[in-house]
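Enquirer: Protein sequences, first through last, are from chains A and B.
To get this note's numbering, take the position in the first sequence, counting from 1, and add 165.
To get this note's numbering, take the position in the second sequence, counting from 1, and add 78.
Misleading hints may appear alongside valid ones.
[As the list claims (entries may be wrong)] Only pairs whose alpha carbons sit at most 27 Å apart, straight line, appear in this in silico DSS-like list of lysine-lysine:
1) 328(B) to 212(B)
2) 245(A) to 325(A)
3) 85(B) to 296(A)
4) 379(A) to 484(B)
5) 353(A) to 370(A)
6) 97(B) to 475(B)
7) 283(A) to 325(A)
8) 170(A) to 296(A)
9) 328(B) to 296(A)
10) 245(A) to 331(B)
11) 192(B) to 328(B)
12) 251(B) to 261(B)
13) 296(A) to 350(A)
14) 296(A) to 212(B)
15) 154(B) to 245(A)
16) 328(B) to 154(B)
17) 325(A) to 154(B)
18) 251(B) to 245(A)
19) 85(B) to 283(A)
20) 484(B) to 325(A)
Note that these hints are calculated values from the structure, not bench results.
These figures come from a predicted structure and were not determined experimentally.
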Amino acid sequence: MIMIKVKNLVKTYPGEVPTLALRGVSFEIAEGEFVALMGRSGSGKSTLLHQLGLLDMPTNGSIMLNKFDVLSLTDSERTKFRLQHLGYVFQEYALIAEFTALENVSFPAMASGDNNAKDRAEHLLDLVGLKERMRHYPNEMSGGEQQRVAIARSLINNPKVLFADEPTANLDTVSSEIIFKLFQKLNKELKQTILVVTHEPEDKKYVDRVIWLKDGLIENEE
Amino acid sequence: MDGTDIKTAFFIAYKTITKGHKSTIALIIFILSLSFFNLMFVSGFLYGFSDGVMKSMIDNSTAHIIVMPQEEPTVKSFVYDQDRVRAEIETIPGIVGTARHYQLQGTLAYDKEKDGNFKYVSAQIIGVTQAEEKEILTVNEYMVAGIFPDNLKDDEIVLGANLSGGFDTKQTKDLGGATVGNKVQITYANGITRTYTIVGIFKLSMVGSIASAAFISTSEAENLLSTYNSASEIMVRVNLEKNTLDEYTKKIKGIVPNLELEKYTSRLSTVGILVTAFNLIAVIVSFISIIVSAITIFVMIYVNAVSKRRQIGILKAIGIKEGIIELSYIIQSIFYSALGIIGGLLVIFLMVVPLMTIRPIAMPYGDAVLVYTTLGIIINISSLIVAGILAGYIPAKIVAREDILKSIWG
Numbered sequence: 166m167i168m169i170k171v172k173n174l175v176k177t178y179p180g181e182v183p184t185l186a187l188r189g190v191s192f193e194i195a196e197g198e199f200v201a202l203m204g205r206s207g208s209g210k211s212t213l214l215h216q217l218g219l220l221d222m223p224t225n226g227s228i229m230l231n232k233f234d235v236l237s238l239t240d241s242e243r244t245k246f247r248l249q250h251l252g253y254v255f256q257e258y259a260l261i262a263e264f265t266a267l268e269n270v271s272f273p274a275m276a277s278g279d280n281n282a283k284d285r286a287e288h289l290l291d292l293v294g295l296k297e298r299m300r301h302y303p304n305e306m307s308g309g310e311q312q313r314v315a316i317a318r319s320l321i322n323n324p325k326v327l328f329a330d331e332p333t334a335n336l337d338t339v340s341s342e343i344i345f346k347l348f349q350k351l352n353k354e355l356k357q358t359i360l361v362v363t364h365e366p367e368d369k370k371y372v373d374r375v376i377w378l379k380d381g382l383i384e385n386e387e
Numbered sequence: 079m080d081g082t083d084i085k086t087a088f089f090i091a092y093k094t095i096t097k098g099h100k101s102t103i104a105l106i107i108f109i110l111s112l113s114f115f116n117l118m119f120v121s122g123f124l125y126g127f128s129d130g131v132m133k134s135m136i137d138n139s140t141a142h143i144i145v146m147p148q149e150e151p152t153v154k155s156f157v158y159d160q161d162r163v164r165a166e167i168e169t170i171p172g173i174v175g176t177a178r179h180y181q182l183q184g185t186l187a188y189d190k191e192k193d194g195n196f197k198y199v200s201a202q203i204i205g206v207t208q209a210e211e212k213e214i215l216t217v218n219e220y221m222v223a224g225i226f227p228d229n230l231k232d233d234e235i236v237l238g239a240n241l242s243g244g245f246d247t248k249q250t251k252d253l254g255g256a257t258v259g260n261k262v263q264i265t266y267a268n269g270i271t272r273t274y275t276i277v278g279i280f281k282l283s284m285v286g287s288i289a290s291a292a293f294i295s296t297s298e299a300e301n302l303l304s305t306y307n308s309a310s311e312i313m314v315r316v317n318l319e320k321n322t323l324d325e326y327t328k329k330i331k332g333i334v335p336n337l338e339l340e341k342y343t344s345r346l347s348t349v350g351i352l353v354t355a356f357n358l359i360a361v362i363v364s365f366i367s368i369i370v371s372a373i374t375i376f377v378m379i380y381v382n383a384v385s386k387r388r389q390i391g392i393l394k395a396i397g398i399k400e401g402i403i404e405l406s407y408i409i410q411s412i413f414y415s416a417l418g419i420i421g422g423l424l425v426i427f428l429m430v431v432p433l434m435t436i437r438p439i440a441m442p443y444g445d446a447v448l449v450y451t452t453l454g455i456i457i458n459i460s461s462l463i464v465a466g467i468l469a470g471y472i473p474a475k476i477v478a479r480e481d482i483l484k485s486i487w488g
């Protein structure tokens with residue numbers, strides 16, 4: 166089953182001289198696939214992920230996520246779709262500083278009306294190896310730990326797709342390896358569809374497929 | 079917005095407040111307490127002044143309603159057969175009591191040094207029966223020397239301190255310090271001259287001629303005016319909890335259709351203008367205080383929201399509705415406003431009101447104390463809460479509307 170279907174996606178940033186960040190990108194990702202988006206800086210990787218994660222609106226083209234034409238949704242429908250169907254991991258963790266690890270993870274489920282949010286959050290923190298740290302606040306955790314909390318948060322509502330935007334860019338080698346192995350585990354054990362943006366060539370070994378971007382276009386796939 | 083959304087908004091607000099900087103939160107609450115204190119104090123003081131002036135007028139000078147002689151079809155000098163008129167008025171339910179006054183004008187003369195150098199002061203002289211008078215007016219409670227006998231003898235007089243002089247009064251025209259036991263001479267408008275012994279001096283810090291008036295006995299006034307069982311005015315005190323002033327006036331008019339009626343408010347004259355002006359000032363100052371409070375909350379919530387732009391962006395990115403984020407900021411501003419209100423109320427009612435009750439601020443027209451009605455307090459509280467809701471909503475709306483990526487990355 167096709168989980169992500171992108172067709173002729175164009176993104177132009179307005180300005181005196183408009184910037185064409187995506188020039189007509191088309192690709193498909195099957196359910197349960199672990200795919201990496203790679204390319205040089207400025208190739209359009211993060212821009213593409215922002216459009217897929219519904220954090221930004223493309224100028225043209227179409228995006229089907231789990232058979233939903235997500236670009237036809239209203240603002241509030243897109244917000245609900247993000248909450249219920251998508252998981253998103255940011256480069257800089259993007260945790261809520263005022264929430265503990267447990268609260269950060271359980272919060273999206275609580276906002277969805279899930280009465281077992283806490284139990285599920287505890288389970289996910291156990292899964293990412295942070296059960297002992299769940300009462301800690303983000304500023305009491307290392308970068309790697311924070312990123313694992315962010316991953317647990319992205320999984321709390323059983324998303325159809327997990328997007329990760331350079332999740333190891335700020336981490337050391339050991340922490341990066343832990344994160345990618347965690348993604349691998351989620352993909353293998355939970356059949357989680359994952360699309361991760363990375364610029365490290367050695368990350369290729371963890372994924373099923375790599376989509377290479379160059380100047381806003383798909384250069385090749387391997 | 080459903081129950082889950084409201085619960086989520088409360089959770090965000092709760093965590094933001096409990097994990098926020100304690101000193102910043104304390105400062106916000108302190109500033110709002112000051113704003114609310116200012117709102118309460120100024121309005122309470124100005125309404126207290128107005129209330130004090132009117133209460134003083136009712137208690138010491140006019141009661142609530144004044145019944146005066148007939149003017150139409152022919153002008154009459156007195157209310158005649160006053161005992162029958164008063165008895166009929168007193169049958170109306172809610173009437174507390176009545177008393178009659180004879181009004182005279184005269185010039186008082188006092189020779190303090192007994193050297194033939196008299197000081198002369200024109201004054202209002204009122205003929206009263208104190209035994210009746212004290213049931214509805216309270217001049218006798220303000221004696222600073224001597225007494226106000228229930229039955230003044232015909233050669234006895236009670237003076238206002240503003241007229242006698244002394245007693246820390248600062249009148250430009252007074253008798254220069256006449257006191258109990260001294261004799262004063264009065265030449266009335268009809269040419270009759272009489273000498274009286276001062277038996278009491280009262281001091282009222284209120285506007286109006288009563289503070290500078292002199293009281294003589296009813297029988298003396300009747301001798302001077304050559305009348306009997308009459309009155310220049312009948313003062314009527316009513317219970318306003320049972321009926322309105324207008325309703326009492328209507329009922330009295332029904333009993334004595336030919337007599338003229340006046341409410342105490344129409345006797346306020348220049349003080350009335352002052353009271354109206356003070357009430358208007360109280361409304362304006364209250365409005366300004368509300369605006370200042372709203373701007374304070376707006377600025378604080380805006381700064382708070384702007385400093386949490388990234389957090390707002392993250393919340394939106396993970397799928398939290400803008401409405402929930404806005405509601406969380408409204409809850410925060412209601413929380414700050416509520417604590418500010420509680421702080422302001424504690425200062426007002428535990429410190430300032432007791433202090434001003436013990437030591438009221440002396441004003442030229444009466445002592446000023448803080449006066450609050452339940453409705454007034456509810457209006458002040460509601461105003462600040464509504465201002466807080468608006469002042470919390472607008473900045474939250476501005477920040478929450480921002481693009482997600484711009485909020486997170488700046």
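Enquirer: Look at each hint and say if it fits the structure.
Expert: Here is what the structure says about each hint:
The hinted pair formed by residue 328(B) and residue 212(B) meets the criterion: a straight-line CA distance of about 26 Å does not exceed 27 Å. This hinted pair checks out: residue 245(A) and residue 325(A) have alpha carbons roughly 14 Å apart, not beyond 27 Å. Distance restraint check for residue 85(B) and residue 296(A): the Cα-Cα separation of roughly 26 Å lies within the 27 Å cut-off, and the hinted pair is therefore satisfied. A threshold of 27 Å between alpha carbons decides the hint, and for residue 379(A) with residue 484(B) the separation of about 24 Å falls inside it, so the pair holds.
Only pairs whose Cα atoms come within 27 Å are accepted, and residue 353(A) paired with residue 370(A) is accepted, the gap being roughly 14 Å. At most 27 Å may separate the alpha-carbon atoms for a hinted pair to count; residue 97(B) and residue 475(B) meet this at roughly 22 Å. Taking the CA atoms of residue 283(A) and residue 325(A), the gap is near 21 Å; set against the 27 Å cutoff, the hint holds. Only pairs whose Cα atoms come within 27 Å are accepted, and residue 170(A) paired with residue 296(A) is rejected, the gap being roughly 36 Å.
A distance of roughly 81 Å separates the Cα atoms of residue 328(B) and residue 296(A); the hinted pair therefore is violated under the 27 Å criterion. Simply put, residue 245(A) and residue 331(B) have alpha-carbon atoms about 72 Å apart, too far for the 27 Å limit, and the pair is violated. Note on residue 192(B) and residue 328(B): the hinted pairing is violated, with a Cα-Cα distance of about 54 Å set against a maximum of 27 Å. Taken as a hint, the residue 251(B) and residue 261(B) pair is honoured in the structure, with Cα atoms around 18 Å apart against an allowance of 27 Å.
Between residue 296(A) and residue 350(A) the alpha-carbon distance is near 17 Å, which keeps this suggested pair within the 27 Å criterion. A threshold of 27 Å between alpha carbons decides the hint, and for residue 296(A) with residue 212(B) the separation of about 82 Å lies outside it, so the pair is violated. Taken as a hint, the residue 154(B) and residue 245(A) pair is broken in the structure, with Cα atoms around 86 Å apart against an allowance of 27 Å. As the CA atoms of residue 328(B) and residue 154(B) are separated by approximately 22 Å, the hinted pair is consistent with the 27 Å bound.
For the given pair, residue 325(A) sits about 99 Å from residue 154(B) by alpha-carbon distance, which is inconsistent with the 27 Å threshold. Of the supplied pair hints, the one linking residue 251(B) and residue 245(A) is violated, its CA atoms being roughly 83 Å apart against a limit of 27 Å. Distance restraint check for residue 85(B) and residue 283(A): the Cα-Cα separation of roughly 15 Å lies within the 27 Å cut-off, and the hinted pair is therefore satisfied. Only pairs whose Cα atoms come within 27 Å are accepted, and residue 484(B) paired with residue 325(A) is accepted, the gap being roughly 26 Å.
Checked against the numbered hints above, the structure breaks hints 8, 9, 10, 11, 14, 15, 17, 18 and satisfies the rest.
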